[in-house]
Amino acid sequence: MLTIIDLGLGNINSVHRALKYLKIEHLISNSVEDISRAQKLIFPGVGSFAEASRRLYSSGIAAAIKECVLEKCVPILGICLGMQLLAGSGEEGGVSQGLGLINACVRKLRSEGQGFHLPHIGWNDISFKEQGVFSGIQNRTCFYFVHSYEMILNESDMIKCAVCNYGVDFIAAVKKDNIVGVQFHPEKSREPGLKLLKNFVEGAD
Amino acid sequence: MLRRRVIPVVLLDGYSVVKTIQFNIRRNLGNPITVARIYNTRDVDELILLDIDASKEGRCIDLHTIEEVALECFMPLTVGGGLKTCEDIENVLKKGADKVVLNTAALKNPDIVKKSSLAFGSQCIVVSIDVKKNRDGYGIFSHSGYKTHKDLIEWCKELACLGAGEFLINSVDLDGKMAGYDYGLIEKVAKVVNIPVIACGGASKPDNCSKAIHRGACAVAAASMFHFTEYTPNDCKKAMKTANIPVR
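Chains A and B, in that order, give the protein sequences.
Residues in the first sequence are numbered from 1 upward in steps of one, following the numbering used here.
Residues in the second sequence are numbered from 1 upward in steps of one, following the numbering used here.
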């Protein structure tokens, strides 16, 4: 079953409604057992990195996700904070540990130094190759972003699959094997966003 | 490039959509769910839903209304009205809100801005400031009747430090007047804080939106213009595009 990981930090309902609209069967859960049994995972998130990290590790969900993704090769889609939590560490709310599924850290958007407002809120266009979760979506389509932090990779740039410009170019999406992360909110990005979710669920590769 | 947003505002008095003039005279405009659906089909950038009586009446915005509005609304939804605690905020986020608006609660207890931005992230916390002109310049007004003597600029700076993610700046004097935004006010606030400012209050035609953006707003919000004129959010975007402002 496709399982939405619920850390109790909001935004769960948006993803739930989008999947319901797309008629995709799914489960929303905060239970380690459900997550361990999942065939696909969506990890949405609104909230601060430190708080999410605390909830991930105190609940045992972190271990369950890592086992699913690394040992059983279960596909995972991280959305916004969920994408950032795929990284090894994050600086929001004090340095704390992420899932470490991607060798990266999460830092304040460098746009701040360029005189750009933070958070980066609103619709911004991204550049990508029309494949994988972006199949059938036109390059430079606008997606909805709401964030103040960005993922900085410590590994090959090859896993970077979409970039967005906000004073600086930052990572809008990453893909590494069965792991996908998007910094924007597909569930809030109208038709193109719904298409992306559908692509992920249908396993477009 | 980041697009500038045009945001319709839907005001509620509990269960019905209302429109005020200078925060006072009201007109009833029907069911919020119907109104929200119309905006949804019009492909708007975002929607703001505010219950303007909630604080005064000591309650929160109706959760069922949020749930219904959010049902087929795959765009950002910003919700406010009577939210006082992190628990209140969590409740509306669970019903489908993406961002919350704090106004009276922030005035009464600024610590909630800090607590909620730590728990949910700054990007989630919009602080709405109702501004009324007075002899000294601009004063802060609270719709719920709460009296404050805070200085506008000091209050904005304080909120930014506490972790507010966006400001919704409303001009009480121009509310519902449809005579254009208070551009001086927008510029004043946008100059002192490094977080996005949403201009609200007074828009009557698409050109007003371009002007507000040029004076420092990151987004423009309006209610009367979309309720009472033939202008749609898309007309505003067309005007903005002509004025070389990036829109979606």
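Misleading hints may appear alongside valid ones.
Unchecked claim - Over 12 Å on every C-beta distance to chain A, these chain B residues come out as not near it, computed from the model: (1) Arg5; (2) Gln22; (3) Arg26; (4) Glu67; (5) Ala70; (6) Glu90; (7) Asn109; (8) Ser117; (9) Ser122; (10) Gln123; (11) Lys132; (12) Ala219; (13) Phe228.
Stated by the list, open to error - Here are the computed distance ranges between Cβ atoms for each label pair: (14) Arg42/B <-> Arg110/A: 48 to 54 Å; (15) Glu112/A <-> Cys86/B: 33 to 39 Å; (16) Glu67/A <-> His214/B: 42 to 48 Å; (17) Asp151/B <-> Asp177/A: 41 to 47 Å; (18) Leu71/B <-> Asn139/A: 47 to 53 Å; (19) Ser89/A <-> Asn109/B: 30 to 36 Å; (20) Cys161/B <-> Gly100/A: 38 to 44 Å; (21) Gly30/B <-> Met1/A: 38 to 44 Å; (22) Arg110/A <-> Gly184/B: 28 to 34 Å; (23) Gly115/A <-> Gly137/B: 22 to 28 Å; (24) Asn154/A <-> Arg135/B: 54 to 60 Å.
Just so you know, these hints were derived from the structure itself, not from any lab.
Computed from a predicted structure; not experimentally measured.
Even for Gly, the Cβ is constructed at its ideal location relative to N, Cα and C.
Status of the hints after comparison with the structure:
Distance to chain A contradicts Arg5/B as a non-interface residue, since its nearest Cβ pair spans about 5 Å, not more than 12 Å. Every Cβ of chain A is farther than 12 Å from the Cβ of Gln22/B; the closest lies at roughly 29 Å, confirming the non-interface assignment. With a cut of 12 Å on Cβ distances, Arg26/B stays outside the contact zone with chain A, its closest approach being about 30 Å. Listed as outside the interface, Glu67/B is inconsistent with that label: its C-beta sits roughly 8 Å from the nearest C-beta of chain A, within the 12 Å cut-off.
Annotated as non-interface, Ala70/B brings its C-beta within 12 Å of a C-beta of chain A; the closest such distance is 6 Å. Distance to chain A contradicts Glu90/B as a non-interface residue, since its nearest Cβ pair spans about 7 Å, not more than 12 Å. Distance check on Asn109/B: its Cβ is at least 20 Å (rounded) from any Cβ of chain A, clearing the 12 Å threshold; non-interface status holds. Non-interface call for Ser117/B relative to chain A: violated, since the shortest CB-CB distance, roughly 8 Å, does not exceed 12 Å.
The beta carbon of Ser122/B sits about 6 Å from the closest Cβ of chain A, which is not more than 12 Å, so the claim that it is off the interface is violated. Taking the minimum C-beta to C-beta distance to chain A, about 4 Å, the non-interface status of Gln123/B is violated against the 12 Å cut. Non-interface call for Lys132/B relative to chain A: holds, since the shortest CB-CB distance, roughly 26 Å, exceeds 12 Å. With a least beta-carbon separation of about 7 Å from chain A, Ala219/B fails to lie farther than 12 Å from that chain, contradicting its non-interface assignment.
Its beta-carbon lying about 26 Å from the closest one in chain A, Phe228/B satisfies the requirement of being farther than 12 Å from that chain. Checked against the hint of 48 to 54 Å, the C-beta distance between Arg42/B and Arg110/A comes to roughly 35 Å, which is inconsistent with it. In this structure the hint that Glu112/A and Cys86/B lie 33 to 39 Å apart at CB is violated, the actual value being about 26 Å. Taken as a hint, the range 42 to 48 Å is violated for the pair Glu67/A and His214/B, whose Cβ atoms sit roughly 53 Å apart.
In this structure the hint that Asp151/B and Asp177/A lie 41 to 47 Å apart at CB is violated, the actual value being about 55 Å. Between Leu71/B and Asn139/A the beta carbon distance is about 31 Å. The supplied range of 47 to 53 Å is therefore violated. Between Ser89/A and Asn109/B the C-beta distance comes to about 33 Å, which sits within the given range of 30 to 36 Å. Against the hinted window of 38 to 44 Å, the Cβ-Cβ separation of Cys161/B and Gly100/A comes to about 32 Å, which falls outside the hint.
The hinted range of 38 to 44 Å is satisfied by Gly30/B and Met1/A, whose Cβ atoms lie roughly 40 Å apart. About 32 Å separates the C-beta atoms of Arg110/A and Gly184/B, a value consistent with the hinted range of 28 to 34 Å. As the Cβ distance of Gly115/A to Gly137/B is approximately 26 Å, the hint placing it in 22 to 28 Å holds. For Asn154/A paired with Arg135/B, a C-beta distance near 58 Å keeps the hint of 54 to 60 Å intact.
The structure does not agree with the numbered hints 1, 4, 5, 6, 8, 9, 10, 12, 14, 15, 16, 17, 18, 20 stated previously, though it agrees with the rest.
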